[in-house]
Amino acid sequence: MSSMGLDKDSFLELEESIAGKPGGRWVTPSNNIQLSLLAITLALACGIFGGMWEGFLPNGFFELAAKAETEGAGSMIISTSFIDLSIPQSQIHGAISAAVIVFAWWVTLTALIKWTPGKTRTTAMLGIVTAWIIVVVVRGLSDFVLVEADWAVVWANRVLLVVGQQMTEQMTQAPGSESCIDVSNCYGVNQNWRLWWILYPTFAIFAAAYGTVAEKPWRFLVPFTLVIFVLMVVSWVPSEINFHSEVPITNLTKAMLLSYLVYGASYYYCSISEEYKANRLRTYIALGAVFTFFFAIMIMNPPEFVKDLAILAGGEPAQGMREAIIAGDVVPSTLDKLAGDGIEASQWGGLFVNLIVATAGCVLGFGIGVILAFGRQSDQPFFSVPSVALIELVRSGPLICWLWFAVFLMPDLMDPFYNAEDIMRMLLMFGIFGGCYIAEVLRGGLQAVDSGQKEAALALGLSPFQTKMTVELPNAVRTTLPSIVSVFIGLWKDTTLLFIINILDFFKLAKDLPATDLRFLGNFLEPLYVTAIVFWVFAFYLSRVSMGIEKNLGLVREGGGEAA
Amino acid sequence: MVFERAVARRLVNSLPRVNSPRDFLTGYVVPVLGIYLFWLYCNKFLEMSIGYLSTMARDITIAGTQMNTSYYPMERLALIVGGVILICFLLVQNEMPTLFRGLRRREWNIISECSSSVFAILCFALSYFVVTSALELTPGAQVPFFFFGGAIVAGVLLLQDNLDEILSLSYIRSFNPRENLGAVISVGSIIVLAILTLQISFTPISQDIPFYLSAVILITVLYWGWRLSQEGMKPAVQSKRTAALGYVVFLPFIMYLLLRVLYLQHDPDPVMQNRWMVKFDFMDKVNTFKINPWPMLVEANSDARWLFLKAAIINSARVTLLSIVLCVILGTIVGVTRLSSNKLASTMATVYVEIFRNLPLAVLLFLIATQYGIQAPLFIEERFLFGGAVFYSNQGIWFVTVASYQRLVMGLVALALLRAGLRHMDRIEPRFIVTPNTPFEHLRRPFSSLGWRLEALAADILLIVAAVVFIDYLVPFVSTHGGGTEAAGAMALLVYALSVTSKVDDDGMNSLQIDDSESGLRKRFTIWVAAFAVAAGIAVSKGLSWPLYLKDWDGDGTIDAPGSWDIAEGTGFEITPFFLAMMLGLTLFTASTVAEIVRGSIQALPRGQVEAAISLALNPFQRLRLVILPQALRSMVPLMNNQFMNVWKNSSLAVIVAYSDIFYVVLVMMNNVGKLIPLFILLLITYQAGSLAISLVMNWYNTRVTSVKI
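In order, the protein sequence lines correspond to chains A and B.
Residues in the first sequence are numbered from 130 upward in steps of one, following our numbering.
Residues in the second sequence are numbered from 1012 upward in steps of one, following our numbering.
Pulled out of the complex, with its shape left as it was, chain A reads as follows (with noise of 0.2 Å):
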């Protein structure tokens, strides 16, 4: 019976919060949950069967259900070896539209019987007010998302979405890849190799740095298998597949098991360290994240002095052997590959080309963001006008003029002693513009510095350079951490910028599908919408991190108030 009035209070207790407090001279404490008893019956019955009063009541369950299957709505279709389900999609919009009014019904007629506006007006008007623009909003949502919308374009475009079209080309009709499904067909040399070989430490580098954050190992390692289960899912459902689904799996599950690896010797050391030795970790895994961004960079387009010592190791470049290749001869080895040609950046597309843009934002806009704010605070002129010129040029125009800048202008500049290429100098200027911002943060963590700090320093004898780097900087990063993350956010989420200019990204080639893919012209909403939940996806788990990081380093402040 008290596990039962616990029930009974704490939801009488939820409701109070959500439509307010009774306000009826008729309810009392004994009739309290029987009242609520009678809203949620009276609330059902509007729900399911609503349709009754015409014009009078939104529709319930059953015509929704019937009205959705009127308008053409599909079927989801789980097919595997071992289930065979056909979901209606009418039905579920029917159930999700009539929870949503069920719940709104409810909302209203628990206010109405007990009266809660008069006794608390302002909560039962929110609450009213709220549930009904769930009610619309969700009801739109699910119409679009299961009724309406043709959500094959994403499905069947979805290898080009994310690694853009010469490496979708390539998985799909290359030989010499295990990917590559007809034989017939095949063209050119597989250089999605070098994907894999960027995965392997990038997982390595994840794992290792959640290893060194002492939490249960469970909850990093749940979520992060699901990620990968659902990336292997993606890979492998049947339904529009033009490559060898074992080739991702099997390397999605070597990469699982790798970070397995890392994160369990990451953890275990911590565990066993002192602090200092803790962090000397966690500095050498920035390191490794650095190294790593730098790598991924050459291991796609190789400079020509690997390419030679990869000659010299033995190996021969596999575009001469092409036509060996392709007749399934040869098959060249991890040597050749090296020295043969690599992917050009101008040849990249998709999400990885988001990836690397936002993380060579992130990763030399830190460096270069280090140098300007210190070159700031400094008392030589020389050192502090140049750099306040530029932070203060480059932070009047906005992103998309600077990167009109660098695709048109820089070269000018900087072909007579790089020539380089549309993408590396987006990197660059995306490395400048986040440089600046972080300067402008860290310039406000560098004030914050106690001048104690540095004049010990001083009387320990370290020179001026030791003491930025061991004691300002560290100081001042972990003040600011999270504004410099909500930067590197900023950063993320300007990657979609990059369409203007014309370079493929997960953007440009979401929005173009309607267009390019002439099997679904005309789709033009579902591309955008998957586009807007996948950079939210990223976005919104950096949030979280930077949320992470706050209460990590105790800097989340508690205080009061309540508006009226």
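Treat the hints as calculated values from the structure; they're not laboratory data.
Do not rely on the hints blindly, as some may be mistaken.
Here are the simulated EDC-like pairs of lysine to aspartate or glutamate, each with C-alpha atoms no more than 20 Å apart in a straight line [stated by the list, open to error]:
hint	chain 1	residue 1	chain 2	residue 2
1	B	Lys1562	B	Glu1365
2	B	Lys1296	B	Asp1172
3	B	Lys1514	B	Glu1529
4	B	Lys1055	A	Asp544
5	B	Lys1301	B	Glu1585
6	B	Lys1562	B	Glu1585
7	B	Lys1354	A	Asp136
8	B	Lys1055	A	Asp508
9	A	Lys248	B	Glu1529
10	B	Lys1245	B	Asp1172
11	B	Lys1354	A	Asp544
12	A	Lys583	A	Asp508
13	A	Lys680	B	Glu1365
14	A	Lys597	B	Glu1529
15	B	Lys1290	A	Asp136
Short, incomplete list of chain B residues facing chain A, as computed with Cβ under 7 Å [claimed, not checked]:
hint	residue
16	Lys1055
17	Val1248
18	Leu1275
19	Gln1276
20	Leu1332
21	Leu1333
22	Asn1353
23	Lys1354
24	Leu1355
25	Ala1356
26	Asn1369
27	Leu1370
28	Ser1663
29	Asn1683
30	Leu1695
31	Tyr1698
Chain A is faced by these chain B residues, among others (derived, beta-carbon under 7 Å) [unchecked claim]:
hint	residue
32	Met1059
33	Leu1102
34	Val1103
35	Ser1250
36	Ala1254
37	Pro1371
38	Ala1373
39	Val1374
40	Thr1381
Note that CB positions come from ideal geometry on N, CA and C, so glycine has one too.
Please arrange chain B on chain A, whose structure you already have, making use of the hints.
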């Protein structure tokens, strides 16, 4: 033998110690690699810079016409390049502020204190005279050697840091070469430069100038890098020499940038020259593409580019201003809802903030534009709302509006007058009456002679009059091609009126006693409702303008083809789908950040403040006005300033929805005429001016809000 072994041992001991592989790396590998890379960098950049300089100094005049398009007269070259070197020297030497201060106070002995800077200026003047009038230097070898050698000599002088000493008379008298190697090097470098410049064709240097100059730079950098790492100097001298070393290290890059930009302006390739030449006369010519601005109309092929730019700026400004107003309203509502006790409402507000904060603005804008284009009804479907008051289609939304905007302004003026009157009635005698003393203060308080009762009323009425005048002159400025000077005058008047009202406020003449009780609030509420009704009546006194859907254009009784149906010009108020998408996107995106700012500011209030306010029996309105808002606004305003500047800069994404804003118009102009640098400079200046304007207003408001010390 012993001596040699001692020297060898000293040398070996001074090399970096190797205790671990990491030491080997940092002690040997990194320096060697660094030196090699630095040598490559010096060589490459000096080679390129010297090449450009030679080309630009070559005067190939045949039959009176200049054959070398990259030619610069020596006066300009010497001025620009020498000027940059001089500026760098003066920056490193860091004596200019003291010099100016001393000169202003007419302390002539400051010249002997800042003798190195004065010496540098004199050297520059002397070499300018020598190079332009006295000597004729060969462009192939002498010109580059002189300029670059001069820059390196300047660096050496800065590093030696003994120019002040050398130039003082007492030093010259007691000079001893063997004891003071530094002075020998300083003076010797100048002399060597002069001699080598004149005799360069007889030395092997003229064959490969970059090599020799890079060698000199490398030796200087190595020696002084080693000296500075010993840290045997005073900290002030150490940091100055570090700056000087930075100057020598970056010299090739600085020179390269400068000479490359100069070369591009006179590039043999006419496309490049067109791009980089900073001349704005093309802006006076007619523009060849159409845009859709409002309210100022510009015609393609007949109006100058400056007018198109003005129309684009007006477009950007109006979407920015409207988005700022709407996002503040929406953001405050969402932020406050996030703090409410209704769990459902606060969860929904959190969901809104989390969704829109993490969406990229470009994707959001494109999504809104596409969604609206797909979902809105076609023009010929004649969809009206509220009985003809709103007509919406995929080509725009037309609202019913007032027929006469003057009556609308009169209604607003009536409301403002009511507010001034109510404040006048609420006013009580201030505790201290501050009287102006200086003429400047009299200017800022022109009505002080009227006494405390009437002065603030007069200031309020002045503000209303100034606002009306400003609107009166702003409308022709944004609707027609001219009117700039009158609008500027009206703006000056408005700024003056604002400064008068804030001065009255600051001097404490504005002490109000507001009746906060329930009955007082109810009375005030009724007065304002009545006033709004009267103002609405005035505004619509000349009638409303309903959107008139015309199907029959020639009035002959037959309905024309569906393609020509349209809303009649001048009826209703049009909002184009581009403006709608832009405004919705900017508002939704920025409101999420504003909501977070508002929530953070209110939550940062100490809990005790609100509890004390409640225990003092203040009603919610008083709590808000007297306790919460003053403290929350202090932290909100600087953050809002940032967000408003972001809205202004984010309006450049209008190119995604084909809205004619500044970036879009300038982009198409760039594609048309190819004059990239002038247009880019215009773009940067426009955005910076907008940011500055927003900053000014917000900083003024910030000083108003933080005038009370907490």
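Checked hints:
1. B:Lys1562 <-> B:Glu1365: Measuring from Cα to Cα gives roughly 47 Å; hence the hint is violated.
2. B:Lys1296 <-> B:Asp1172: Not OK: B:Lys1296 and B:Asp1172 at ~55 Å, beyond 20 Å, violated.
3. B:Lys1514 <-> B:Glu1529: Distance ~32 Å between B:Lys1514 and B:Glu1529 Cα, so the pair is violated.
4. B:Lys1055 <-> A:Asp544: Status holds; Cα separation ~13 Å.
5. B:Lys1301 <-> B:Glu1585: Measuring from Cα to Cα gives roughly 19 Å; hence the hint holds.
6. B:Lys1562 <-> B:Glu1585: holds (18 Å)
7. B:Lys1354 <-> A:Asp136: holds (18 Å)
8. B:Lys1055 <-> A:Asp508: violated (31 Å)
9. A:Lys248 <-> B:Glu1529: holds (18 Å)
10. B:Lys1245 <-> B:Asp1172: holds (13 Å)
11. B:Lys1354 <-> A:Asp544: violated (59 Å)
12. A:Lys583 <-> A:Asp508: holds (15 Å)
13. A:Lys680 <-> B:Glu1365: This hinted pair holds, its Cα atoms lying about 18 Å apart.
14. A:Lys597 <-> B:Glu1529: Roughly 60 Å separates the two Cα atoms, so the pair is violated.
15. B:Lys1290 <-> A:Asp136: violated (78 Å)
16. Lys1055: holds (6 Å)
17. Val1248: violated (12 Å)
18. Leu1275: Hint on B:Leu1275: holds, closest Cβ of chain A at ~6 Å, below 7 Å.
19. Gln1276: violated (11 Å)
20. Leu1332: Violated - the Cβ of B:Leu1332 stays beyond 7 Å from chain A, reaching only about 17 Å at its closest.
21. Leu1333: violated (19 Å)
22. Asn1353: holds (5 Å)
23. Lys1354: The hint holds - B:Lys1354 has a Cβ within 7 Å of chain A, the shortest such distance being about 4 Å.
24. Leu1355: holds (5 Å)
25. Ala1356: Hint on B:Ala1356: holds, closest Cβ of chain A at ~4 Å, below 7 Å.
26. Asn1369: holds (4 Å)
27. Leu1370: B:Leu1370 check passes; min Cβ-Cβ to chain A is 6 Å, inside 7 Å.
28. Ser1663: holds (4 Å)
29. Asn1683: At 14 Å from the nearest chain A Cβ, B:Asn1683 fails the 7 Å test, so the hint is violated.
30. Leu1695: holds (5 Å)
31. Tyr1698: Holds - the Cβ of B:Tyr1698 comes within 7 Å of chain A, reaching about 5 Å at its closest.
32. Met1059: holds (5 Å)
33. Leu1102: Holds, because the Cβ-Cβ distance from B:Leu1102 to chain A comes to roughly 4 Å (cut-off 7 Å).
34. Val1103: holds (5 Å)
35. Ser1250: Holds - the Cβ of B:Ser1250 comes within 7 Å of chain A, reaching about 6 Å at its closest.
36. Ala1254: holds (4 Å)
37. Pro1371: holds (4 Å)
38. Ala1373: holds (4 Å)
39. Val1374: holds (5 Å)
40. Thr1381: It holds, given that the least Cβ distance between B:Thr1381 and chain A is near 5 Å, below 7 Å.
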